[in-house]
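Go ahead and model the full structure; you've got the sequences and the hints to work with.
So you can see what is in the structure, the chains are spelled out below.
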Amino acid sequence: MTAAVTADRPVPTTPPAAAGASRPGFGNVLRAEWIKFWSVRSTAWSVATLFVLGAGLTVLVCATSAEWLAGDEADESPASFVTWGLMLAQVTAVVLGTLVATSEYGTGMIRATLAAVPRRGPVLAAKAAVLTSTLLVAGTVTAFAGYLGGNAFLSAEGIGLSLDDDGVLRALVGSGLYLAGLGLLSMAVGLLVRHTAAALATVLGIVFVVGNMAFLLPGGWGEWVAKVLPGNAGSAVATPVSFNPELLDPWPGFAVFAVEVAVLLAVATVAFRRRDA
Amino acid sequence: MIIARDLTKTYGPRTAVDGISFTVEPGRVTGFLGPNGAGKSTTMRMVLGLDRPTSGSVTVNGSRYADSPAPLREVGALLEARALHPGRTARNHLRWLAASNALPATRIDAVLGLVGLEGVADQRVGRFSLGMSQRLGIAVALLGDPAVVVLDEPVNGLDPEGIRWVRTLARQLAAEGRTVFVSSHLMAEMALTADHLVVIGRGRVLADCPTADFIARHAAAHVRVRSPQSGELAAVLRRSGAHVTADGEGLRVEGLDTSGIGDLAGAHGLVLHELTLVRSSLEDAFMTLTADSVEYGTTPAGAAR
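From first to last, the protein sequence lines stand for chains A and B.
Residue numbers for the first sequence follow numbering that gives the first Met the number 0, so the first one is 0 and each next one is one higher.
Residue numbers for the second sequence follow numbering that gives the first Met the number 0, so the first one is 0 and each next one is one higher.
Hints are computed from structural coordinates only; laboratory data are not their basis.
Please note that the accuracy of each hint is not assured.
Here are a few chain B residues that face chain A, going by a calculated C-beta distance under 10 Å [unchecked claim]:
#1 Leu49
#2 Ala69
#3 Ala76
#4 Ala82
#5 Arg87
#6 Asn100
#7 Ser128
#8 Leu129
DEER-style ranges, computed between Cβ atoms [unchecked claim]:
#9 Phe207(A) / Leu191(B): 58 to 64 Å
#10 Arg203(B) / Trp37(A): 31 to 37 Å
#11 Ala197(A) / Cys208(B): 44 to 50 Å
#12 Pro251(A) / Ser56(B): 46 to 52 Å
#13 Arg274(A) / Pro12(B): 16 to 22 Å
Chain A stretches covered by chain B per the calculated footprint, using a threshold of three residues with CB under 8 Å from any CB of chain B [said to hold, decoys possible]:
#14 31 to 39
#15 114 to 124
Just so you know, even glycine gets a beta-carbon here, dropped at the ideal spot from N, CA and C.
This is the structure in structure tokens:
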């Protein structure tokens, strides 16, 4: 007789409009997005992958290259190797940033989100804050772990880098900054495209494929196009000495990258506020 | 109370909702009835501020939904039961919703208990059946203990027990003084649930009246009679006040029941070959009313011959 039991169960609610608790503000929206972000498995997996790739590959590459780097025929600086893994780990930041936006469109969840918080600006700001803080911390921690592990092998060969050395500390914090920016860029593209695969292909294509091929463009303008593409402009800050001598200097490059991210986010915000959910 | 005035929504050249006006009053269940593609869901999305009306307006308790600081406490809605992240548990889904509107965590267990999902609250919703998803959607709608409840096709995918449960719940919510707005494409279900009906087809309001009136007006019965002396019979029936029209080989009689017609025929020595009570169902009434407004109609198999 479960039918009767369920159907006749009383509604344990108070009379309408009795729930006059505190008026929700941005903190509530932020908390909601934080719960949403961490209550799906893909977040933990992405952050774990970021750490394993970022720190693990740095250690591996330093361990296998230390002897060569200490030798006479080395034509690269050891400083280029202490954040090596972040070059691949940035893919996870792209995935995480994209999913923050597109997973809601793929499932239709966006309508639940905007029914709960109709003001779209705060929704976007909360998503950006949750994503940025996570990537900033995860990126910086990963870079430090990779440096500590990898540098141990370099030090054993007498070519270790100290945190005081030129650009080392900047690169470790810069790794967090770059990944946070890349995540935001991916989120913006995700909001515009509203489709996971399309957004991933767009960002990965621009950062990895177009970014590398652009250096083949002829002439002065080609060189500049290559320099200002987001993956190229933004990544210099994440390594003490870049493998690529043609990149912009770390901070000017990051400033260009930040402006690009800001512009794309602004466009995405306008679209997000205007379009039907 | 929900008030829509000249609400219109166009998507490019297609008009989904065409200047509809209606009022959903508190204290009763208002059924929002129409065939698929009639504009029900589009209207409900506009009520919730998710889609912007091309023109016209809709207010909930006197103000636009989007202006509410804590909308879940004013309006609870079930829009699409499957619009969930499959990897999130039911409890976590309710947790973020509660957090967003500063609702006490005690409401989460209250609504989980109410819809009977407390046993599976920590399972990922990807494993839920459609019926369980519908129950979770109703839990979401009631989370903020709102005065206005909007349910889009809540009985989709539910078994008979679940359908009865939703019906009882909707009636109970209305009895508590809440405004209850329930959409469906099933006339029979609405006849049992709703006190008032707003019927739409192709984005226009076709009827807006109490359910009882709708039934009285549209679900009338008549008697079909065949007689070799149909001319004389028709005259006799008309004299006693019945409304008689030709119906194929026989007569269609309204205003007299079968025994009345049989008695009259016997008294006048007229022969009857058929005497049948024909009851047109509510479903038929609804089909007739919306026949011209079905977007993706099919030709009945019989008519195709």
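Verification of the hints:
| no. | hint | verdict |
| --- | --- | --- |
| 1 | Leu49 | 4 Å, holds |
| 2 | Ala69 | 5 Å, holds |
| 3 | Ala76 | 6 Å, holds |
| 4 | Ala82 | 3 Å, holds |
| 5 | Arg87 | 5 Å, holds |
| 6 | Asn100 | 5 Å, holds |
| 7 | Ser128 | 15 Å, violated |
| 8 | Leu129 | 14 Å, violated |
| 9 | Phe207(A) / Leu191(B): 58 to 64 Å | 59 Å, holds |
| 10 | Arg203(B) / Trp37(A): 31 to 37 Å | 46 Å, violated |
| 11 | Ala197(A) / Cys208(B): 44 to 50 Å | 47 Å, holds |
| 12 | Pro251(A) / Ser56(B): 46 to 52 Å | 51 Å, holds |
| 13 | Arg274(A) / Pro12(B): 16 to 22 Å | 19 Å, holds |
| 14 | 31 to 39 | holds (count 6) |
| 15 | 114 to 124 | holds (count 5) |
Against the hints set out earlier in the document, violations occur for numbers 7, 8, 10.
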